[in-house]
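**Student:** As a plain string of letters, each chain reads:
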Amino acid sequence: MKQLLTFIRKEFLHVFRDRKTLLMLFGLPIAQIVLFGFALSNEIKNTRIAVVDYSKDAVTTRIISKIAGSPYFNIQRSLAGGQELQAAFKKGNIKMAVIFPAGFGDDLTHTGKATMQVIADASDPNQATTITNYLNQIVLDFNAGLAQDAAQPMQILPEIQMLYNPALRGAPNFVPGVMALVLMLVCTMMTSVAIVREKELGTMEILLVSPFRPLYIIIAKLAPNLLISVVNLFIILFLSDIFLDLPVKGSLLLLVTGSVLFILTCLSIGLLLSISAKTQQAAMMGSLMGMMLPTMLLTGFLFPIENMPVALQVLSNLVPSRWYFIIIKQVMLKGLGVAAVWRELLILTGMCVLLFGISLRNFKIRLQ
Amino acid sequence: MKTLGFLLEKEFRQLLRNRQLMRTLLLAPLIQLIILPLAADYSVRNIAIAVTDNDHSTTSRRLIEKIVSSGYFKLRDYTASYPEALKQVEQDKADLALQIPAHFERDLVREDKKQVYVAINAIEGTKANLGGAYLGNIVTDFNSEIRMQWQVSGTGGTDGPPQVSVASSNWYNPFLNFHLYMVPAILVTLVTAMVAMQSAFNIVQEKESGTIEQINVTPIKKHIFIIGKMAPFMVLGIILFTMGLLVGWLFYGIVPLGSLWVLYGSLIVYLFSMLGLGLLIATYSGTQQQAMSLSFFFINIFNMMSGVFTAVDSMPDWAQAIVATFPPSHFIKIMRPVVLKGSGFGDILPEILWLLALGLILNTWAVLNYRKTA
Amino acid sequence: METVITTDKLTKRFGSFVACDALSFTVGRGEIFGFLGANGAGKTTAMRMLCGLLAPSSGKATIAGFDVYTQTEKIKRSIGYMSQKFSLYDDLTVAENIRFYAGIYGMSRPAIRTKTTQLLEELQLQNEAKTLVRELPLGWKQKLSFSVSIVHEPGIVFLDEPTGGVDPVTRRQFWDLIYAAADKGVTIFVTTHYMDEAEYCNRVSIMVDGVIAALDSPARLKAEFSASSMEDVFYELARKAKRKGD
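Residue numbers (my numbering), protein chains in the order written: chain W, 1 to 368; chain H, 1001 to 1374; chain X, 2001 to 2246.
Chain W extracted, bound-state conformation:
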């Protein structure tokens, strides 16, 4: 036991003496959470749009001012006509154009119907759909206003309540997602590179011929990263609470337990990677190129998993961060207890044990 502690101490020294890497290890999660928490959101606001009004009457003016008053839109300019439209779209200056044909107001008064044209730049389909919807809402609202005047019967009034995140901030979605992503990538990369580095330098051989059991070598190697990640976790939780108004609603103990499980799983992945990689470069590029994008996309915070093709949904089950993301949301944001997350905890435990077991076995076999 004393030997193990000595070894762990050496590992700590390695890590803590490398100032630059240390900066990254702590600085990265912090910088990212703060940046992303404040900056990222799926909300679409202030979309620049153009208005082309061929009619220029009281009705169009009312509608236009309603649009201008909406936080979703930012009327860039009133264009003169069609030609300019193409050019403006191509330059990316506007994302949508609203066109009122001539005689709009007259049509409305005389026939009870008038049609306005809306053209959305659908390069970003999501944005296009969303802003079209927002515009539709504004028009519906306008119509409702007209209807009020005419005392509409039978009005169904939906009362909508937004749960857990009434202000529709981006942070509640992105912070847990980025937490899962960053912890996973950092743990895997740092562990795999650290171990391969020893291989490359040749000091690993020395360890393996020593009376040290391979298990202890592994534990010692994982220990600093485990500690750093846990400290990072607390820093992130603290920052989220103070700066992003995202306190931990549920049990902190439960959250930490789940997090530690997740971290251990990631460390095991790093371990596994380090066994097959011969050079630090291979380890790093392997974890980065091989894991970054899949993790980002299959965790479920950028894109809903249920939308993905079945094959990818199955694949996402293998990504630990996907399960951890659920745990964070349930415990941190919704304040739920073990009953809500026991399944995810079990899955993570299973992954962790499995990966660790495989790594340990392979570690013993390969001397390289």
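It is possible that some hints are incorrect.
Claimed, not checked - Using 30 Å as the maximum straight-line C-alpha spacing, the simulated DSBU-like pairs for lysine-lysine come out as follows:
#	chain 1	residue 1	chain 2	residue 2
1	X	Lys2184	H	Lys1207
2	H	Lys1093	W	Lys45
3	H	Lys1207	W	Lys278
Calculated from the structure, these hints are not laboratory results.
Position chains H and X relative to chain W; hints supplied.
**Tutor:** Just chains H and X, lined up with the frame of chain W:
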């Protein structure tokens, strides 16, 4: 000049000989480019809804049927009470809970208005917004339907009030194909990661192994050495990009609408700035581990904030200012318009200028730093 | 004898630490000059200044007649260098390494070809021309490294602890190469820890705490210090050193 030739020959030999590396640098990204865009789909469908019908009237049933058959929602559960429906949301089994209160049908006719209650899991903003919007549209539609029927059946009043309707059309991507949007952007992230990391790593490797000392004693001028080191990655970047375009065409049917000259020209300017970043990172790293840490830091931030997955326009002003210093954000603003809208050189000129400026700053800083330390 | 290296009170300071203090010596053409000293004595710093890698803080020095302050580029063209880590590219073949270094020293392609054949013959590595350097045994790597360092036929070659880690027979063979080069008029400036190698040099200088504590031929040094071997000479001088290892 001749020395540059020998340098390049050595670099390419080393690169091509390293099979494992070539696979990681070229193959892995391409596989991801093929598979992952399938995951990147924001379109909101299959929103799970838990419904509580406390009215059990014809009207309420019709409303529910309309919602369920709309294609946007899938009925997760039909609960007896609203708290049960809410629990479904809490447990992440449903995204929305809808309650149609008792006496819904009766009160609509008698009181002329009646509420329905909707609770939405708003953690994921887009889903919540769109889910609410779709539901709202369906309810409004339904409302008009039953109102018209009621009126037609003679028990009702006058002509409907004037209504403005919207004819909407989608340009550049009429089928709202999300892949068109994501594939070019994902390609950019892959090329960025590869070029920035690998170039940094490559130089630091020479530092760590000591061969850089040997180079320093030779008559090779430092700037020639830098060019010799960076050029292979410029080439690799272009190759990866080209392979990516081919993948985009083969697997997703994406054909760039705009000029390939513009695209490749921008690519070269972009790679120039990314190589500058790689070099800069190398000058601040003593070990490969440090190079990796620093590169990872930047690449992760670029990936999340350059407008790949979320719109830059939605960010607060201060964040947008920071993003303006990220070369990838500008290249993405070139990629998407040129590929999807056929934007021309003049359209993307501001972005090219940004890339040039950033590239010059990064490279100058890097070279100055290199002179001092290596 | 024509002098190819001259130094006059060559000094290097790092802040308040004086790594090399007023070194003054000359080296003649074709000499095998041994540069000895304990770790931390300042050998590597001195060598780097002479190679044009490090600018001195004060004092003068010329290499092959070129000034170390203002003509470092010309110096680099006129010298060869073999570093401790051998500095061949592990993932290139023997022939490719030769080609690369010959090329960057400006040799023409025909000259490179001739030189390659010649080198391979001398080292008896003809069969290994297409072998990756990482697969060569250490001794061969060393010899190849040395030959590559003089591929462009410089007048002076600097060797930084070239014989680490090989058996005495291989070391002897290595020194045969050095002798052969010296016979052709190449000046050899070598640092080493092996005291028996000090015996092979024409003259030896021993640095202690940043200054040259002794400089003479091995024979005369042994006489001066009443020592039977260079090892004893070294021990006499080095044990008084105040600076421990690097």
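**Student:** Mind checking the alpha carbons of Lys1093(H) and Lys45(W) for me, to see if they're no more than 30 Å apart?
**Tutor:** This hinted pair holds, its Cα atoms lying about 29 Å apart.
**Student:** Holds or violated: are the alpha carbons of Lys1207(H) and Lys278(W) at most 30 Å from each other?
**Tutor:** Judged against 30 Å, a Cα distance of about 19 Å means the pair holds.
**Student:** Going straight from one Cα to the other, do Lys2184(X) and Lys1207(H) come out at no more than 30 Å?
**Tutor:** Violated, at about 34 Å.
In the structure shown, a violation is registered for the earlier hint numbered 1 alone.
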